[in-house]
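Peer 1: Given only the sequences and the hints, what does the whole structure look like? Please build it.
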Amino acid sequence: MPIKLAGESLNACSGCEISILDMGGKLLTLLEFVSIVHLPLLMDSKHCDGKNNSQTVKLPKADVGLISGSIKTKEHLELARAMRDSCDLIIAFGTCATHGGIPALANSFHNDDMLGHCFNTVGTDKADSFPSDIVPEMMDACYALDEHIRVDVCLPGCPPHPDHIFRALQSIEKKESFLLPEKSVCDNCPASRDGKGRVNELKRALELPQWRVFDDTKEVFKCFLEQGFLCMGPVTRDGCGGDTEQARCIMAQVPCRGCYGPVKKEGNQRLAMLNALASNDIDISSLPETLSMLRFSGGHGLLRPLPRIKESE
Amino acid sequence: MGKVINIQPITRIEGHASIHIQLDDQGNVQETKVAFKSLRGFEKFVEGKPAEELPRIVSRICGICPWMHHIASNKAVDACFKVTPPPAGNLLRELMLTVAHIEDKLLHFFFLAGADFFLGPEYDYSVRNIMGLVKANPELAQKVIKMRHKAKMVLDRFSKKTIHPVAGVPGGFIKPLSIEDRKIFLDNLTELLDFALFALEYAKKEVFPKFGEFYPGLGEITTGFIGMVDNKGAMNLYDGNIRLMKPDGSCKEFRPDEYLDHLAEKVIPFSYGKFPYAKSWGEGFSMDLNAPKGIYRSNTLARINVADRIATPRAQAELEEFRDQHGRPAQSTLLYHYARLIEEVYTCERAIEILKDPRIISPKIRTKVEPCAGRGVGCVEAPRGTLIHDYSTDENGLITRVNLIVGTTHNLAPINLSVDRAARDLIKNGVYDDVILNKIEMAVRAYDP
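Those protein sequences? They're chains A and B, same order as listed. Be aware that the first sequence starts at 1, since it is given in our numbering, and climbs by one per residue. Be aware that the second sequence starts at 1001, since it is given in our numbering, and climbs by one per residue.
Mixed in with the good hints, there may be bad ones.
Stated by the list, open to error - The list that follows gives simulated cross-link-like pairs (lysine to any residue, SDA-like), each with its CA atoms no further than 25 Å apart:
1. B:Lys1150 <-> A:Gly25
2. B:Lys1033 <-> A:Met139
3. A:Lys183 <-> A:Met251
4. B:Lys1143 <-> A:Met251
Since the hints were derived computationally from the structure, they do not count as laboratory data.
Peer 2: Structure, rendered in structure tokens:
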């Protein structure tokens, strides 16, 4: 019997679901042992019986639930809970679900500041109020999934590599264990490092890092950090290259920005990176800002708005 | 008050939306609303970030068209920092954008919307999807999956990261194209062009004739259109002027950085997405089905309508055939799918043209960039329409202000009108079923999976 799979996308971009399709031919193999019972991006399964004006979310029973995206509205929360109820096993699918992802950058701002800005940009006609009819109510922050529901498996990535999606589902079907890479991007990076620490300042990504051809068959390059570019490789979980390739951004010749989240699930990428830089005598103030080091993992209360200062009398 | 019908969520589309149909006491449609339920706040939370980081952040606006956001963002930062990429830098960006279009149109037509046409709207809803298509027509489905993967592999081999790309950089592109890759890509694109021509012929025989028979006038409305054209009036997805066409076919053309003189956005009580309209028409904004004001549409049919011609031969021949049948501007909503497959032919031809351009293998791919204060508008055609990124920076090159008009949002008001039209035509005296409700959703899928 194929395993039953349900999928929901919350505060997300649909990139994780597209990554499922990016398996190519393996998708057909996947469909031999996985039966998809709910996935609104790809099939016509609804949240509720709208013909009779029901507003109660009711999802089909499934063995595995893939939830992409973070939780930012009351509707996301309701869907996450409904998925928890209807699925035996919940996979937090992608870095938005595991750590908040890019949308959790909004956690640096109060909701009313964000709404006030987005509905008053240049070119927007002045409005008396923010949208509030039918649209779901916003929560006070953008939450990773496990801040609100129990999560059984974390499959990080922005998006997760198709190889990992395939193997995770295959191992569940075969009742085998499956471990994601647990090292850092650095541990598996093809860069050559001389470890001399001559860099004292970091440069912005305004020029291309150097690559040099080592011999006819192999292209090697010097570590981005040793070239003076911020690279989040030391504090980011490896795996973005899938089963056969090394880290994708590194192989594209740009430094890592941390999309697989911290090496240890509960880690703080910014704190770890600042520590690493400081212990190598690199001047942190050479960077224009460092909050972006949490650009993929600002959930779990790591990014917060500045407290409001009350105007004095 | 009569009943409310909720279609929640609209399925086989990208993004999060639902349809709410208010019936009157007789069971006829009184009001419809298509609610867009997502607001992540990109325009706010990128403030203070170094501008050169934005192309790697804003790609997350959409996991289906991340390349378009990535490249529009790079163009906006170029303009803030007052740099022009070398020819190879521009060509490589355009190549990636074009191949991403090729892949997207296959996804849209075959994976998402296609099931309605290949399997029919009355097909069992639980298998009315790509998985059902795999079972019902395995030969076609396998071919489509293989072809889409081929396009993805061009992006993957060259740029490594296909969803949320990193290969475009302010000032140009991250690496030059090798002669070996160029040859492989030319072979792949030639195969994709063959498939695009096959898909269009197949659809002309098997799909488009059904439109009139099964879905007469579905979601039909009369609006203006928007899209980019080059300086000779030909369709261009990467660069050029924005052309805004009125419903009567008359056009105005402007540079992307002049968009605020022509377009404005409305805040709508039932949508987190704002609704753009044509301010420069001077008639205001109204979603009255019988007398809409300021409403124009974007995406494939819009681009086909505003362009005088298409600069590649096979697509131009298809455009001429299309115009002979449907005129200009063509208004029928389901013709978006026809226009989509013509664009598929164009993008394949254009990608081959770019690969054959001798400048593409130049090692000069990036212009040196210095951060500075400025304003820059980056514009490209995303699958769902004209995509505008408007940034301002301070003297350190940090972002001070961002305004985004995303391709889909141009169509938010038209989608509401088309759904209203479809609902009024199909729901009579309280009689409706799953087939009818899916047909109403099809009015959304024409624009926006």
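Peer 1: Indicate, hint by hint, whether the structure satisfies it.
Peer 2: Structure-based check of all given hints:
1. B:Lys1150 <-> A:Gly25: 11 Å, holds
2. B:Lys1033 <-> A:Met139: 23 Å, holds
3. A:Lys183 <-> A:Met251: At roughly 18 Å apart (the allowed maximum being 25 Å), A:Met251 and A:Lys183 satisfy the hint.
4. B:Lys1143 <-> A:Met251: Judged against 25 Å, a Cα distance of about 30 Å means the pair is violated.
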